[in-house]
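Trainee: Combine the two chains into a complex, taking the hints into account.
Just so you know, the sequences run in chain order A and B. Just so you know, we're using the numbering used here here: the first sequence kicks off at 96 and counts up by one. Just so you know, we're using the numbering used here here: the second sequence kicks off at 112 and counts up by one.
A few of these clues could be false.
To be verified - According to the in silico footprint, chain A covers these stretches of chain B (three or more CB under 8 Å from chain A):
# : segment
1 : 168 to 182
2 : 185 to 194
3 : 206 to 215
4 : 218 to 229
Said to hold, decoys possible - Calculated cross-link-like contacts (lysine-lysine; reagent style DSS-like; alpha-carbon spacing at most 30 Å):
#  : chain 1 : residue 1 : chain 2 : residue 2
5  : A       : K102      : B       : K241
6  : B       : K251      : A       : K102
7  : B       : K241      : B       : K316
8  : A       : K329      : A       : K106
9  : B       : K218      : B       : K126
10 : B       : K301      : B       : K241
11 : B       : K169      : A       : K136
12 : B       : K258      : A       : K158
13 : A       : K142      : B       : K162
14 : A       : K320      : B       : K126
15 : A       : K243      : A       : K106
16 : B       : K126      : B       : K142
17 : A       : K301      : A       : K315
18 : A       : K142      : B       : K147
19 : B       : K258      : A       : K245
20 : A       : K225      : B       : K169
21 : B       : K301      : A       : K209
22 : B       : K162      : B       : K142
23 : B       : K162      : A       : K203
24 : B       : K156      : A       : K329
25 : A       : K309      : A       : K136
26 : B       : K168      : A       : K329
27 : B       : K218      : A       : K329
28 : B       : K301      : A       : K158
29 : B       : K126      : B       : K223
30 : B       : K316      : A       : K136
31 : A       : K106      : B       : K218
32 : B       : K301      : B       : K218
33 : A       : K283      : B       : K156
34 : A       : K158      : B       : K251
35 : B       : K298      : A       : K142
36 : A       : K320      : A       : K225
37 : B       : K168      : A       : K283
38 : B       : K169      : A       : K329
39 : B       : K218      : B       : K147
40 : B       : K241      : A       : K320
What the hints contain is simulated information worked out from the structure, not anything from laboratory work. As the structure is a computational prediction, the values presented were derived from the model and not from experiment. C-beta atoms are modelled at their ideal positions from N, C-alpha and C, and glycine is treated no differently.
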Amino acid sequence: MGESEVKVIGKWSSPYAMRVKIALRIKSIEHEHFEETLNPKSDLLLKSNPVYARVPVLIHHGKPISESLFIVEYIDETWSNNNSPSILPSDPYDRAIARFWATYIDEKWFPSMKSIITVETEEEREPYYKVMEEVVERVEEAFGKCSKGKPFFGGDSVGFLDIAFGSFLGWLHVTESLYGRKVLVEAKAPSLVKWAERFADDPAVKGLIPDHDKLLEISKPLQIKWRALAAVGKKY
Amino acid sequence: MASSSDNEEVRVLGKWASPFSNRIDLALKLKGVPYKYSEEDLANKSLDLLKYNPVHKKVPVLVHNGNSIAESLVILEYIDEVWNNNNNHAFLPQDPYHRALARFWCKTLDDKILPAIWNACWSDEKGREKAVEEALEALKILQDELKDKKFFGGETIGLVDIAANFIGYWVSILQEIAGLELLTIEKFPKLYEWSQEYINHPVIKEGLPPRDELFAFFKASAKK
Numbered sequence: 096m097g098e099s100e101v102k103v104i105g106k107w108s109s110p111y112a113m114r115v116k117i118a119l120r121i122k123s124i125e126h127e128h129f130e131e132t133l134n135p136k137s138d139l140l141l142k143s144n145p146v147y148a149r150v151p152v153l154i155h156h157g158k159p160i161s162e163s164l165f166i167v168e169y170i171d172e173t174w175s176n177n178n179s180p181s182i183l184p185s186d187p188y189d190r191a192i193a194r195f196w197a198t199y200i201d202e203k204w205f206p207s208m209k210s211i212i213t214v215e216t217e218e219e220r221e222p223y224y225k226v227m228e229e230v231v232e233r234v235e236e237a238f239g240k241c242s243k244g245k246p247f248f249g250g251d252s253v254g255f256l257d258i259a260f261g262s263f264l265g266w267l268h269v270t271e272s273l274y275g276r277k278v279l280v281e282a283k284a285p286s287l288v289k290w291a292e293r294f295a296d297d298p299a300v301k302g303l304i305p306d307h308d309k310l311l312e313i314s315k316p317l318q319i320k321w322r323a324l325a326a327v328g329k330k331y
Numbered sequence: 112m113a114s115s116s117d118n119e120e121v122r123v124l125g126k127w128a129s130p131f132s133n134r135i136d137l138a139l140k141l142k143g144v145p146y147k148y149s150e151e152d153l154a155n156k157s158l159d160l161l162k163y164n165p166v167h168k169k170v171p172v173l174v175h176n177g178n179s180i181a182e183s184l185v186i187l188e189y190i191d192e193v194w195n196n197n198n199n200h201a202f203l204p205q206d207p208y209h210r211a212l213a214r215f216w217c218k219t220l221d222d223k224i225l226p227a228i229w230n231a232c233w234s235d236e237k238g239r240e241k242a243v244e245e246a247l248e249a250l251k252i253l254q255d256e257l258k259d260k261k262f263f264g265g266e267t268i269g270l271v272d273i274a275a276n277f278i279g280y281w282v283s284i285l286q287e288i289a290g291l292e293l294l295t296i297e298k299f300p301k302l303y304e305w306s307q308e309y310i311n312h313p314v315i316k317e318g319l320p321p322r323d324e325l326f327a328f329f330k331a332s333a334k335k
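Chain B on its own, in the form it takes in the complex (with noise of 0.2 Å):
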């Protein structure tokens, strides 16, 4: 695949307190890659979005040389695929099985983590209980994951690092609303050492969105 060069176009249609659009900056700001961001407002949603989304209608969206592809974790890969000069930058490793590992890893923070820690600090009374034991086995297996890993990518930041951006940063966020302590050093110690380490990397802290106003805009949300 031809390296990338100032011709290139390369869009994202983004919601700035989405972790899953966020996924695409880090990605594109990981690998040095300059990109046009715009603001979606998905109650009123713009022709682009629905051009280019057309199945799901829904962020992030990248759009490459006129090309549109959807699916956080699609994107990412693609962008790994297409930038690929510098293997410093690399999301995956070389080696099938840790490919494979890291995309497993992925779809389970998609699939289990993400959803049992939402429910959790979302929760109303009667469901919290069993809502916030969930959340935690789901933290607890992250954490044996990344087993004594700087990342879960090893030295370096990796696919699976840029995906538990939701882990690494909004979690502290929703359980301070939340009242609850989910994400916290005595109860996975490793775990917030990553977080910590991630939150902190040159790269991935000009990415993130502001604290105060994710903030701010999750405690309006918990107040409707």
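Chain A on its own, in the form it takes in the complex (with noise of 0.2 Å):
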């Protein structure tokens, strides 16, 4: 398979695209990245995305695929049969939560990660912080259930829910130097703890946790440009 039938249109610094790449090395298949500069957007995202022009797109033999959850869903069908380990689990109820808690962790995690940069003061960001730590008390519960004992959500190994959340790892840890603020804590998620250290350290995802310091750098003008749309009351 040529490498220029699947093209990735992503970000470095994206959680979300970082879930198309984790899937995408699970099924170790080759592909063509395309880095968007977002500022201006590329006539490539403009054209492969003009819902949302955001990314990551995915791009097969010329088609476009976007939201990352629906890429990797799309990845796992696609290449389903090429001795890889499935990404979604077999079993539709499996299926199904996996699917509930991939939507909870993208309503309520990165949205609240967002907002704690963004708002100015330590008491705006407490709001967050107890939404972040909820997340955290339900989905490590989630996790003992999904696992069954196992490694990962997805079971033996990296799977849907796994890519899921971890993909927002780098960018937690941005929030905890930032402000100093853990919430992914032995104390209170000591199977998630464990967890995050596997999905770091697995072959489908080393690497690919954007660095932690790049990261940090960015977050700056990030935090600048989110509090800009927010004082003109703009989602940001």
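Mentor: What follows is the structure, encoded as structure tokens:
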């Protein structure tokens, strides 16, 4: 399979783009990477994802697919027979549970992290920390049920929910560095803390979590941008 | 996965006026799956609701053989996967690309299109013009996706059609109450035509809540 058949429009700092990279690695699919600048948005991005103009986008045989979790499902379904592990569980109920938690994470997790970085005071950050702590508590419980004693949400290998949650570890560490407050802690989430280490070390993931210092460096300009958007009442 | 049998218990916890809850009624009816329905009072949540959806405490919830699932789009895919004996009633196609597209449009309906229309219908004087503009933009992108198809699913009702019940049915009621013209035959002829095919589809027709009751429900909400 030629490299140019699979193209990913991504961004090194994007947790959503990271999900796609992990999935392609699990399936051993080579691809061409297009680093999106977002400022301005590339013609390729505008053409490939006209509704949202955001990364990631997977382009396969010239056809674009958007939304990270749907791209992951697409990858799992398209390359289902090449002797690589499955990403989604096989049982419909387990699949529903995985999708439920992935949706929950997308609604609550990164938006809270973004808000923590954007708002100005410790007092304003507090409610978002509360949300993150609740997420950690629930996902810790979900881990117990999904993993069934195995190392990952997906069982023996990195699966859908591992990818959905683990892709945020880089940014999680940034919020911890910025404000010195941790939410993924041994006392509250012993299984997740160990899982996070396993996840980061897994061959499918290794090297894909963005460098901490580089993320920290861009967090400043991003904070400025997000604060400016918030000031004019725009969603940041 | 084993085919459905008489011993399987399927329960739905829902709210009759909610399009999200209604999606599940439509899906189960399209699959010909019998189920027990419980009307939930969200101001007075039942023990079952708290037990089966502890995370969000919202409807709809599907309970199948004691296992509960929440989030309407997640439930729809589950229903499609479990009751998959008869290809005629498949909500999603087999082809991964078109499956990804269908999922994308379901999410876009929920994240972008429904909120835009909802906001327009409930907007106050100040925000009205902008909200209406956004709602019309949202309807346009949806119509562009429909293209010349009879349904979003092609010749038959698909996942996107089920998810778009709000567009097919609720919008006409809400826009009338708000005194707005959003989905009209003049503005969006193809989408309007789709909505008529949709609400006249034999199974969908039986599954939608009665128009006059829905109208009265939202009119009463508008007064508050």
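Trainee: Look at each hint and say if it fits the structure.
Mentor: Do the hints match the structure? See the list:
{"no.": "1", "hint": "168 to 182", "in the structure": "holds (count 5)"}
{"no.": "2", "hint": "185 to 194", "in the structure": "holds (count 6)"}
{"no.": "3", "hint": "206 to 215", "in the structure": "holds (count 7)"}
{"no.": "4", "hint": "218 to 229", "in the structure": "holds (count 3)"}
{"no.": "5", "hint": "A:K102 x B:K241", "in the structure": "violated, 37 Å"}
{"no.": "6", "hint": "B:K251 x A:K102", "in the structure": "holds, 29 Å"}
{"no.": "7", "hint": "B:K241 x B:K316", "in the structure": "violated, 33 Å"}
{"no.": "8", "hint": "A:K329 x A:K106", "in the structure": "holds, 23 Å"}
{"no.": "9", "hint": "B:K218 x B:K126", "in the structure": "holds, 21 Å"}
{"no.": "10", "hint": "B:K301 x B:K241", "in the structure": "holds, 24 Å"}
{"no.": "11", "hint": "B:K169 x A:K136", "in the structure": "violated, 38 Å"}
{"no.": "12", "hint": "B:K258 x A:K158", "in the structure": "holds, 17 Å"}
{"no.": "13", "hint": "A:K142 x B:K162", "in the structure": "violated, 45 Å"}
{"no.": "14", "hint": "A:K320 x B:K126", "in the structure": "violated, 41 Å"}
{"no.": "15", "hint": "A:K243 x A:K106", "in the structure": "violated, 34 Å"}
{"no.": "16", "hint": "B:K126 x B:K142", "in the structure": "holds, 20 Å"}
{"no.": "17", "hint": "A:K301 x A:K315", "in the structure": "holds, 26 Å"}
{"no.": "18", "hint": "A:K142 x B:K147", "in the structure": "violated, 46 Å"}
{"no.": "19", "hint": "B:K258 x A:K245", "in the structure": "violated, 47 Å"}
{"no.": "20", "hint": "A:K225 x B:K169", "in the structure": "holds, 21 Å"}
{"no.": "21", "hint": "B:K301 x A:K209", "in the structure": "violated, 40 Å"}
{"no.": "22", "hint": "B:K162 x B:K142", "in the structure": "holds, 27 Å"}
{"no.": "23", "hint": "B:K162 x A:K203", "in the structure": "holds, 21 Å"}
{"no.": "24", "hint": "B:K156 x A:K329", "in the structure": "violated, 34 Å"}
{"no.": "25", "hint": "A:K309 x A:K136", "in the structure": "holds, 21 Å"}
{"no.": "26", "hint": "B:K168 x A:K329", "in the structure": "holds, 29 Å"}
{"no.": "27", "hint": "B:K218 x A:K329", "in the structure": "holds, 21 Å"}
{"no.": "28", "hint": "B:K301 x A:K158", "in the structure": "holds, 25 Å"}
{"no.": "29", "hint": "B:K126 x B:K223", "in the structure": "holds, 22 Å"}
{"no.": "30", "hint": "B:K316 x A:K136", "in the structure": "violated, 44 Å"}
{"no.": "31", "hint": "A:K106 x B:K218", "in the structure": "holds, 22 Å"}
{"no.": "32", "hint": "B:K301 x B:K218", "in the structure": "holds, 21 Å"}
{"no.": "33", "hint": "A:K283 x B:K156", "in the structure": "holds, 29 Å"}
{"no.": "34", "hint": "A:K158 x B:K251", "in the structure": "holds, 22 Å"}
{"no.": "35", "hint": "B:K298 x A:K142", "in the structure": "holds, 25 Å"}
{"no.": "36", "hint": "A:K320 x A:K225", "in the structure": "holds, 24 Å"}
{"no.": "37", "hint": "B:K168 x A:K283", "in the structure": "holds, 23 Å"}
{"no.": "38", "hint": "B:K169 x A:K329", "in the structure": "holds, 28 Å"}
{"no.": "39", "hint": "B:K218 x B:K147", "in the structure": "holds, 27 Å"}
{"no.": "40", "hint": "B:K241 x A:K320", "in the structure": "holds, 24 Å"}
Hints 5, 7, 11, 13, 14, 15, 18, 19, 21, 24 and 30 from the list above are not met by this structure, while the remaining hints are.
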